[in-house]
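J.: Here the protein sequences come in this chain order: A and B.
The first sequence begins at 1 in the working numbering and counts up by one.
The second sequence begins at 1 in the working numbering and counts up by one.
Among these hints, one or two may not hold up.
[Claimed, not checked] Lysine-lysine pairs mimicking DSS-like chemistry, simulated, CA-CA at most 27 Å apart:
id : chain 1 : residue 1 : chain 2 : residue 2
1  : A       : K235      : A       : K55
2  : A       : K216      : A       : K119
3  : B       : K151      : A       : K68
4  : A       : K119      : A       : K219
5  : A       : K55       : B       : K125
6  : B       : K125      : A       : K119
7  : A       : K55       : B       : K2
8  : B       : K13       : B       : K2
9  : A       : K216      : B       : K77
10 : A       : K68       : B       : K49
11 : B       : K77       : A       : K219
12 : B       : K13       : A       : K55
[As the list claims (entries may be wrong)] Chain A stretches covered by chain B per the calculated footprint, using a threshold of three residues with CB under 8 Å from any CB of chain B:
id : segment
13 : 42-55
14 : 107-116
15 : 184-194
16 : 202-216
17 : 240-254
By construction, these hints were calculated from the structure, which means they are not laboratory data.
The beta carbon of each residue, even a glycine, is placed where N, CA and C say it ideally should be.
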Amino acid sequence: MDQDRRSFLGHAGKLLVLTASAAVAWEHVLEGRPEEAPNYRVSDHWWGMAIDIDKCIGCGTCVRACKKENDVPLEPFTFRTWVERYVVDPEDIDHPQVDSVNGGYQGFYDRELLDPRLKMFYVPKLCNQCAHSPCVQVCPVGATFESPDGVVLVDTSYCLGCRYCVQACPYGCRFIDPRTSTVDKCSLCYHRITRGLTTACCETCPTGARVLADLKDPKDPIHAFLREHRVQVLKPQMATGSKTYYNGLDGSVR
Amino acid sequence: MKRAPGDYVHLVKMAGLFAVGVLAFVIVRWVMVPADFGVYGHYRAGALKDNMTRPLVYAGQASCVGCHPDVAEVRAKGRHAHVACESCHGALGTHAGNPDGIKPARPDRRTTCIICHTASIAKPKSFPQVVPSEHAPDGTCADCHPVHNPKLS
């Protein structure tokens, strides 16, 4: 037997205390690589995001992080996530002035407001991870889909580049990658969240304005957040089942 | 009355053509559609794995704190406690994978700060903000504010 008494007791102890899958994962945790623990189960998660508009300072760190993490081309200015700046006359919310200079990639520099009645705020945008996505419904080949854990993903090896989904998305969250001529969009950093990390945008957001949420995890702070705040999704009238919840969303936001 | 073969041979030919067409469709479909298509829904199940296995660029806070507990401790006491290391230092995945070989560039000690702290009415009032050209026209922010715990001491 190639096992000495000490290591046998160690293994036996782990098996007694932990379940089999946790024992396998524990090796990776001990080695400082919890993200490689092979116990991710799609049926245990239901991903979404909470965005607190009152906390967004328009620094664009999320936009820069997203481009780097997901290898999104810098130019032409296409984005998986971007930040919009709204300038609104509070008495005329039907006509907001919206700009998003390079998607907020360089942050926003001060804009002089001549009229003191106007208000200004930032709105981070990304794929809303709809539970009933219009983009998925129109894909003719099954190259985009809602994963069992609630993320709308793209199968780039299957995409024809027909652009139906780009037109179907009511939030303008999809674009054609000029290098591959296939569609690209926010994947909610699927390669990160399935390894136990948060998304690149949530990781780097300095004010905590955006937070990844696992709606199936009873311990996730999202439940308290949704209970304690008056939240809204974008374009609720379209019944997309959006899972990106905005706190402090102004009525002028489209 | 007995029919002559010439009366229905065209139907047999059509049925033969139809059978060949169906067979061709079944074969082409079998070749073209991946075996794992439709396991979970109208998509290739392997696409989940493809999306999962992309490389990490940002290492994540836990990786930083593991090797730099001293900086993490300073930071945890100050107002930057909830700002992740990679917010200012940029993506550190390659550095985390090869800590001695790849050293990240030091963030600029002025532009890194003012991208967040430039005053704007769009920012929440409680957020510390200055007009950089008035507050410190020439200096670097870090001369007065220790970056990991920026309170003036």
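J.: What are the numbers of the hints that this structure violates, sorted from low to high?
T.: The structure conflicts with hints 2, 3, 4, 7, 9, 12, 17, although it agrees with all the remaining ones.
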